[in-house]
Amino acid sequence: MSKDYNTLRHVVRLPHSYAAGPVWTRFYEGLKEEKIYGARCDKCSRIYVPARSFCPNCHENLDEWVEVSQEGEVVSWAYSSDREFFGMQVKPPFIIALIKLDNTDSNFLHFVGGVDFDKSAIEAGQRVRAVWNDEKKGHMMDIKYFEPIG
Amino acid sequence: MGRPVAIIGVGQTKHGRRFDVSYPELVKEAVDAVFEITGIDPGDIDGVVSGTMPSMMEGVALTHFYFADVLRSVGKPIMKTETCGSTGASLAITGYYWVASGMADLVLVVGSEKMNEGDSQATMTTVLEPFYQRYFIAGAPGIFSMQSQEWSVRFGIPEEKIRAAATKLTIDHHKDAFDNPYAHIKKELTEDEVNNARIITYPVRLWDVCPNSDGACAVIFASEDKVRQMDRKPAWIKGVGYSGEEYWFGDSDKVVWQSAIQASREAYKMAGITNPIEQLDVAEVYNPFTFQELLFYECFGFCDFGKACDETLKGTFARDGKLACDPSGGTLCTNPIGATGLIRVSEAALQVTGQAGDHQIPGAKLALAHAMGGVDQYNAVLILGSEL
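For the record, the sequence lines run as chains V and F.
The numbers in this note's numbering rise by one with no breaks, and the one at position 29 of the first sequence is 33.
The numbers in this note's numbering rise by one with no breaks, and the one at position 163 of the second sequence is 168.
Bound conformation, chain V alone (with noise of 0.2 Å):
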């Protein structure tokens, strides 16, 4: 027979705040007029989805800012159904997916929404559009979801 022994509970909880710097800032700037802020490289010509400082690539600083388009299409994507963890900012059950925006060279992770969640709900290849929250916060979901299109 196995003999039970005692277990001690402690919670650690550390509040951070976390600088967002001027890259973070002006994208989240983007996001509450609407926009998705690319940047795109002079020596590569990539666009690079959110907008960074420099070339992950070429390392070359990249100062050129580009309005990205808010449709495109879904690369892959994984239906969560599962338990609910603490930390989560958003309840499943949601649709993550990475999706190709028109005329950009990286894939931009987001949900996918405005559908059933189900398990043949979307498949790789779907058309999709970015639909934004009404109450824009400067962050990343101001974006609601992209919903299916066409």
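Hint data in this document are derived by calculation from the structure and do not stem from the laboratory.
From the three backbone atoms N, C-alpha and C, an ideal C-beta is built for every residue, glycine too.
Some hints here could point you the wrong way.
[Unchecked claim] One side only, chain V facing chain F, incomplete, derived with CB under 8 Å:
{"#": "1", "residue": "Ser80"}
{"#": "2", "residue": "Gly91"}
{"#": "3", "residue": "Leu102"}
{"#": "4", "residue": "His114"}
Knowing the structure of chain V, use the given hints to seat chain F on it.
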């Protein structure tokens, strides 16, 4: 190229839900085991490497200091290595470097985890920054599901075929685990049970996913001089390779997966492997998800891209197949994450020294060990051999 290095002994705990011991007591089990098995005097160890998942999963920061006494590290150099899921493989590489450099002759390397004490999936979310990606990471399964979906679309693999191959893998591994005395989950599964199990993140179902395990693994790395002084079979480190990727998940290709391909090719080159499926006898592939195991077979060149399901269904990677993969049951059956990569290395060492017991692949001489870390951001591969 540094000096030759060998693994001279491995110790594991019984992995599972280990509320019967405190965290340091759990680590002590693995450390005591490796000293008992090798007969090495802890005083002869030159340095200690310890690693776990991020502190948020441990509940204690600086675990290597917390474990200082059970690691027998007092008065010795100690360092921590941490690369998320690949921590154990990175630990092994750290120990290897220390001995290969000539700065140490005997190094104790220990990986550990007590996943059941904390909230593993909540911790996984904190691996990502809060500005962008943290919103979208539903623990590990969401990311791995997206990766496998992209893989199936890229190579036009029918969903039913992936399901069939994944089902075979999980049935085989959970059965193999019965022959591994340290494995956590051992179960006779039926196809119906697997195919109709609860969906975690579509298309990944319950039996496609590894468990939360508590466990520790301790390994001693030795220089050639030390090996020659001991009457023990060494497992020589023949090759190491590891590679990382961009931080932002959407920036890199996770199907034709650069870090996994490059890590394996670097390790192959160092070990003189040109045809892995012919030359390797056994592979301990990091398989927290069945679907990802299939993709790794392709990235490591065990078969062409898009062909892993066919080869798996033919039995190529089964225990009696051409290249036995995860005869221990793998990560799918046992996942104390900070130890997991080191368990892969340990299993490879046991195989090439003929000490794997009931799950020994007969005559195994050359083995691959692998682990993956971060949000699909990092891969590490080691090749171990029975001959220098």
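We went through each hint and held it up to the structure:
{"no.": "1", "hint": "Ser80", "verdict": "holds, 4 Å"}
{"no.": "2", "hint": "Gly91", "verdict": "holds, 5 Å"}
{"no.": "3", "hint": "Leu102", "verdict": "holds, 6 Å"}
{"no.": "4", "hint": "His114", "verdict": "holds, 7 Å"}
Going through the hint list in order, the structure satisfies each hint without exception.
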